[in-house]
Structures are given as structure tokens and as C-alpha cells.
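In order, the protein sequences belong to chains R and W. Counted the way this note's numbering counts, the first sequence spans residues 38 to 182. Counted the way this note's numbering counts, the second sequence spans residues 14 to 569.
Check each hint, because a few of them may be wrong.
As a list, the in silico SDA-like pairs of lysine to any residue whose alpha-carbon atoms are at most 20 Å apart [said to hold, decoys possible]:
| id | chain 1 | residue 1 | chain 2 | residue 2 |
| --- | --- | --- | --- | --- |
| 1 | W | Lys227 | W | Arg281 |
| 2 | W | Lys564 | W | Gln448 |
| 3 | W | Lys557 | R | His78 |
| 4 | W | Lys453 | R | Arg63 |
| 5 | W | Lys453 | W | Leu464 |
| 6 | R | Lys111 | W | Glu141 |
| 7 | R | Lys41 | W | Ile569 |
| 8 | W | Lys453 | R | Leu64 |
| 9 | W | Lys467 | R | Leu155 |
| 10 | W | Lys527 | W | Asn515 |
| 11 | W | Lys431 | W | Glu47 |
| 12 | W | Lys467 | R | Pro154 |
| 13 | W | Lys192 | W | Arg168 |
| 14 | W | Lys467 | R | Gly152 |
| 15 | W | Lys557 | W | Glu221 |
| 16 | W | Lys53 | W | Pro42 |
| 17 | W | Lys564 | R | His78 |
| 18 | W | Lys407 | W | Arg88 |
| 19 | W | Lys467 | R | Leu64 |
| 20 | R | Lys111 | W | Asp136 |
| 21 | W | Lys467 | R | Arg63 |
| 22 | R | Lys160 | W | Lys467 |
Simulated from the structure, these hints should not be mistaken for laboratory data.
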Amino acid sequence: MGRKIRVLMAKAGLDGHDRGAKVIARLFRDAGMEVIYTGLHQTPDQIVRTAIQEDVDVIALSILSGAHIGICRKIMQGLREANVTDKLVIVGGTILEEDISVLKEMGIAQVFPPGSPLDAGIKFVQERLGDVTNRQEKGVSGDGF
Amino acid sequence: MMEENMSSLKEIEEALQSWYKRRGIDSVPPAYTELGHPVKVVYTPLDIAHIDYMEKIGLPGEYPFTRGVYPAMYRIRPWAMRLYAGFGTAEDTNKRWKFLLERGNNGVACAFDLPTQMGLDSDDPLAEDEVGRVGLAVDTLADMEILYDGLPLDRITSSFNINAPAAIILAMYVALGQKQGVPTTKLSGTLSNDILCEYVARGMWVFEAAPALKLATDVVEFCTRYMPKFYPFNIRGILLREAGASMVQEAGFTFSNAIAYIESALARGLGIDEFGRRISFFMATGIQIFEEAARYRAARRLWARIMKERFGAKDPESMLFRFTGSVGGSVYRAQEPENNLIRGAYGVLANVLGGVQGMLHPALDEPFAIPTEETARLALRTQQICAYETGVMKTVDPLGGSYYVEALTDQIEAEIQKIIQTIDDMGGAVSAIEQGYMQKCIADEAYRVALEEKNGTRLIVGVNCFRGDQKTERKMQFHRFDPSVLERQLERLNRVRRTRDNRAVSRSLKRLKKDAQDGVNILPALIEAVKEYASIGEIMATLKEVFGTFKEPVVI
Numbered sequence: 038m039g040r041k042i043r044v045l046m047a048k049a050g051l052d053g054h055d056r057g058a059k060v061i062a063r064l065f066r067d068a069g070m071e072v073i074y075t076g077l078h079q080t081p082d083q084i085v086r087t088a089i090q091e092d093v094d095v096i097a098l099s100i101l102s103g104a105h106i107g108i109c110r111k112i113m114q115g116l117r118e119a120n121v122t123d124k125l126v127i128v129g130g131t132i133l134e135e136d137i138s139v140l141k142e143m144g145i146a147q148v149f150p151p152g153s154p155l156d157a158g159i160k161f162v163q164e165r166l167g168d169v170t171n172r173q174e175k176g177v178s179g180d181g182f
Numbered sequence: 014m015m016e017e018n019m020s021s022l023k024e025i026e027e028a029l030q031s032w033y034k035r036r037g038i039d040s041v042p043p044a045y046t047e048l049g050h051p052v053k054v055v056y057t058p059l060d061i062a063h064i065d066y067m068e069k070i071g072l073p074g075e076y077p078f079t080r081g082v083y084p085a086m087y088r089i090r091p092w093a094m095r096l097y098a099g100f101g102t103a104e105d106t107n108k109r110w111k112f113l114l115e116r117g118n119n120g121v122a123c124a125f126d127l128p129t130q131m132g133l134d135s136d137d138p139l140a141e142d143e144v145g146r147v148g149l150a151v152d153t154l155a156d157m158e159i160l161y162d163g164l165p166l167d168r169i170t171s172s173f174n175i176n177a178p179a180a181i182i183l184a185m186y187v188a189l190g191q192k193q194g195v196p197t198t199k200l201s202g203t204l205s206n207d208i209l210c211e212y213v214a215r216g217m218w219v220f221e222a223a224p225a226l227k228l229a230t231d232v233v234e235f236c237t238r239y240m241p242k243f244y245p246f247n248i249r250g251i252l253l254r255e256a257g258a259s260m261v262q263e264a265g266f267t268f269s270n271a272i273a274y275i276e277s278a279l280a281r282g283l284g285i286d287e288f289g290r291r292i293s294f295f296m297a298t299g300i301q302i303f304e305e306a307a308r309y310r311a312a313r314r315l316w317a318r319i320m321k322e323r324f325g326a327k328d329p330e331s332m333l334f335r336f337t338g339s340v341g342g343s344v345y346r347a348q349e350p351e352n353n354l355i356r357g358a359y360g361v362l363a364n365v366l367g368g369v370q371g372m373l374h375p376a377l378d379e380p381f382a383i384p385t386e387e388t389a390r391l392a393l394r395t396q397q398i399c400a401y402e403t404g405v406m407k408t409v410d411p412l413g414g415s416y417y418v419e420a421l422t423d424q425i426e427a428e429i430q431k432i433i434q435t436i437d438d439m440g441g442a443v444s445a446i447e448q449g450y451m452q453k454c455i456a457d458e459a460y461r462v463a464l465e466e467k468n469g470t471r472l473i474v475g476v477n478c479f480r481g482d483q484k485t486e487r488k489m490q491f492h493r494f495d496p497s498v499l500e501r502q503l504e505r506l507n508r509v510r511r512t513r514d515n516r517a518v519s520r521s522l523k524r525l526k527k528d529a530q531d532g533v534n535i536l537p538a539l540i541e542a543v544k545e546y547a548s549i550g551e552i553m554a555t556l557k558e559v560f561g562t563f564k565e566p567v568v569i
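Isolated chain R (complex conformation) (with noise of 0.2 Å):
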């Protein structure tokens, strides 16, 4: 068996409403993945650290203070400088309409406004990153439990 999917979810900046990524966390987490999640006011370098040391596939954003252009820009720079090219990173929270295509254009691979269905995140992640059979095609070894 390849190992389960590894999800970062990350409090960034001072925001420290956590009621929905932690719901999210258990979502994910009863999806089968393995979740670690931060806790609160995490800066952008120890996310970018923290997903490196953990060698997580899924980088999980949450922002409520409307931070979120300046607080990405500065992870997707820290992915970028420690070459790491691999992660998907995704973002919930506060975010109007219009700022979902800086993100993107940021290399943010997925936003989740106000409204979004529960779940969007996690229909999200499997589907770019497939079943545990894609995941040993890729390579990725683990404990599998």
C-alpha cells in the first residue's frame, strides 16, 4: 500500500479564527488523510518549513482577515526559493471574487470563498492527487497506517 495523502492545514498570519480549519482538519482527516495541523499565527517561512519537514502533498490555507494576497505571495516565493515545486497549495477564507485570480496567478492551485460546500477541499485534492495506486506510481513510499 502507498502511504495516505499528507495535508498541511495552516493557520497563517495573526487570524486566529480556527473553528473552520479545523473542521476542515477533521474532514480530511476522515477522508483518510493524515492531517498536521499547525495551530495558530504561523508566518509564512514556518509554513513553508513545516510543509518541507513534514513532506506533506497538500498545503491547506486558511485566512479570515482578508491578509491572504500578501500572506501567499510570501509562501509561494518560500516554496519557490527552497525549489520546492511539488506541494498543492490551497486557500479558504475571507476572499472576494475578485482577488481569486491574483491567487491563482500566484500559483495557488485552488480557492474556497465564503460558500464554499464543506467538502470542495477534499473532492479537490483527490481529485489532482488520485488514489493511494497513483500515489506509488509517483514514487512516494510510506508507513501506510
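Chain W: place on chain R using the hints.
What follows is chain W alone, placed relative to chain R:
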């Protein structure tokens, strides 16, 4: 006393049993309260026969205050109507406040940006993307001077939603009063100063919990001694509820937190009746109208008993559960946002039937952004129409005596009490928070509710049922963040840093550190520091050296 020709309880019971059989009531689909208790198809005098009216319900303004904290309630004065407002810089917020005050807003309720709430200066690297976004930025007393330009402090009442740096904001308010020539004793307002709720939810914590509680107690002590018109804590259930707590968890955990503050103030040597009357609460209200109204009735009764029996309060004023109620933003939805006006109006009614003292009402665009002038106006109008057009203010506690609501009140009171007992058994609120207990309960409840909404067992109109053609939605105009805010704010902060007496600033910070180390009340040192224009970030950094930084127990 029952008239002879009136039906007895026995007759009612027989009639009810027969009605159940004849009308097939047992096969009616079940319904449940928010707490999962079954709700009967109908309630009768049998459901309240055990309740002693004078002991459990009584009269408004009298113990146990079930019917209301004041005798004539809204017949004398409607609830205070406020909007929570703040964004950008002090100039921006001053302008919005004046707009709202001109339209009948009573006083101001100040929203601070996240860096200010975390005690960071606007030029802190962590603040860059957040300055002036969810509230206004305050770095130094210079910002407060502009914020209250044209608003004399002896003629306005202010409410500050801030916890970790609450003492600093209070110090600035006192210093500003002195500059305006208003004596400290005349300042009126409310400071949330509820740091414990930040560890449970929302995360605007900085220091370790025990010294943070000490700092909160400094505020209580200072206000008790020198500021007779100021409420030094407004204990916040709303943050817990918005993080997912059920209505009884919100009340139970909030009362447990309040008990911790009271015990700390008593240990400081303050008498319960010296500060008991200055305790107020800020709760989130859902739109399950009868359950919310019952909950507030239960909360009043329970709080009065806690103050009287547990803490030995003698002054009835100390026993009052006074609350600001706000429809929780989480009640609102992004789909068809106009529907939030309607949800909000029901929430306002629930608050009024619950005997609310003041409301901050969220605008319909809450899921997306902070309000525009237009949506802020509608939020105020929602309250005014309820107050002046619906007749809801004509009599006190109109639901009192309702078989259903009285039964619910009893049930909810018992549930809240059970939660307080659990926290007591864990050694009190600080210990329960450090163990992550409250956080875990709230995350569990949030997940349960989210799944119910996803599965469609909890109906949200236009979201998981009755979804129309959502393409026809009107395009909304949202508040746009002004990108010049950071630059304008930094310009002022830099100017202050250049023009103040920097030696006096360091001297004042040294004294502050010493007072913090010595364990004396740090308010006098804080007032001195802010008058020298020490910044919030400089003050917090000084205090961190003494109080340490909280390590979050990560719970999902």
C-alpha cells in the same frame, strides 16, 4: 389559588393522554432542541406545575431576575444599539463613528485590527499584511487622539473589544481623558478584558495564562478604585460560540471564566460587592428564538444564584447577568447574502425576548467583509424597527409563563450548571483551558454541526435546501480595503518615534518592567508610558520579558 370551576392538573393530564391517543400524536415525527433534547408537540400546565413562581421566576428586577434585570425594562429605555466599527487608521474610523452617531448609534464600539489585538506595532514584520484590515490600527496615544477628535470623552461611552493588551488601551483612554481635561472618574465605557476566552477560542493571546489573569485583575482593581462609570470586564461568550460552542457550552464556559476572574479579584482583596456590579457579558445569539430566550432567562437565574450563594454578594446589583447580545456572524451565509437581513432580524427578536441590555448587530455582508456604510445602516435599522415598530417593548418578558419556555428555561439552566460543575472539578477555568478541555469540546461541537449541515439534517435556506437559481443573485458592493492604510499608519508611527522624548520612553518602560516584576498593579506605570507615547509593541515586548509567552495546546 385555583378557582373551583377551573380544571385541575389531573383533569388536564387525563385530557392530554386521551388527546395523544385520539389524535395519533405519538406518530408525529420527533423534534429536538439544539441540545438534542426531544421537544414535545405541545406543552401544558403540567410541564411547569413543579415550578414555584416566586422562587424560580419572580418579578423583573428582583431576585432571581429570571424575568429581567430591571423592573420595567424597555418601557423605560430600549436596549443600547451599537455597531461594532473600526477599520484603517484612526482618521478612517473617526469618520465612520461620526456617521453612525449621527444616525442614532449610542456610543461607539471599537474594532481593532489584529496587530493591535496582539499587541504588535504596525511596523512589526508580522503585522505587514494585517494593518487596518479587520479593525483600526492603534500604535500610540497619537492614534487615540485622532480617533476621538471631536468626540469628548465625558459625552461618549466607548466599548473596547480587546483582551491581551486591554490594560494598555485602558491606560490610553485614561491618558486621553486627562489630555481632553476629562477627569478619570467621569470616563464611561466597557473593556472586554477577557483574556481567558482568547485561549479557548480566537487565539488573540500573548502571555502565559496565569500572568495574563493577573494583568486582567490589575484592570479590574484600577477601575474599581478610580473609575466608577467604567466596566472593567465584559466577559465574552460570543468568541466561544462563534468557534462552535453550543448555546449551553457558551454560557457554561463563560460563567466558569467569570468565576476565575472573580476569584482572582477576591484574592486581590476586592470585595464582591465592590466590583460585582461591573461584571457584564457579551453573548452570541442564534436564531432558535425560544431556546435563546429561555437560555438568557436561565442564565440570569443561575448567575444571580452564583453571585449570591457562591460568592456571598449582598448587593442585588452584583447579581445581575447584564449582557450585550449579538447575532453570531456564523449564523449568516455567503449564499444569497440578503437573506442574512432576515436571519439577523429574528436574532434581534431572540435577543429582545431574552431581555438583552445592548446589541451589536452584524451587517448582512459579514461573511465577506467588514460592513459598508449602507449595510451598517441596515443593521442599525433592523434593531430600530424591532424596537419602535413591532411593539416588543410594551411588556417585560412576554414569554414568561409560557409552558414551553419555562420548561426550556429549567432544562437549560440545569445543563449550564452541569458544565460549570465539570470545570470546577477540573480545578477551574485556567486549568481546563491549559488542558485543552474547553477547546476540544468546542471543536467537537463545531464538527458535529458542520456535518449536520453537510448531511442536510440541519436546514439552511438557500444553502442546503430551497436552492434557487443562484445566478440571479444581485452583485454586492463590499467594503474595499484601502491600500494606503499601511503607509499612512507607518508615517504617523515614525513621526511619533521621531518627535517623542525617547529617553523618557525608556525610563517609563523600565519602571513598567520593575512594577511587573514586583507584582504591583501596573496601570499607573502603563499610563505614564503611554503618555510618553511608548507604543503598544514596545510595552508588550517589555511585559513579555516578565510574563512569558503562551504555548498553545494544539487541538483539532
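Going through the earlier hints one by one, which of them does the structure break, listed in rising order? Violated hints: none; all satisfied.
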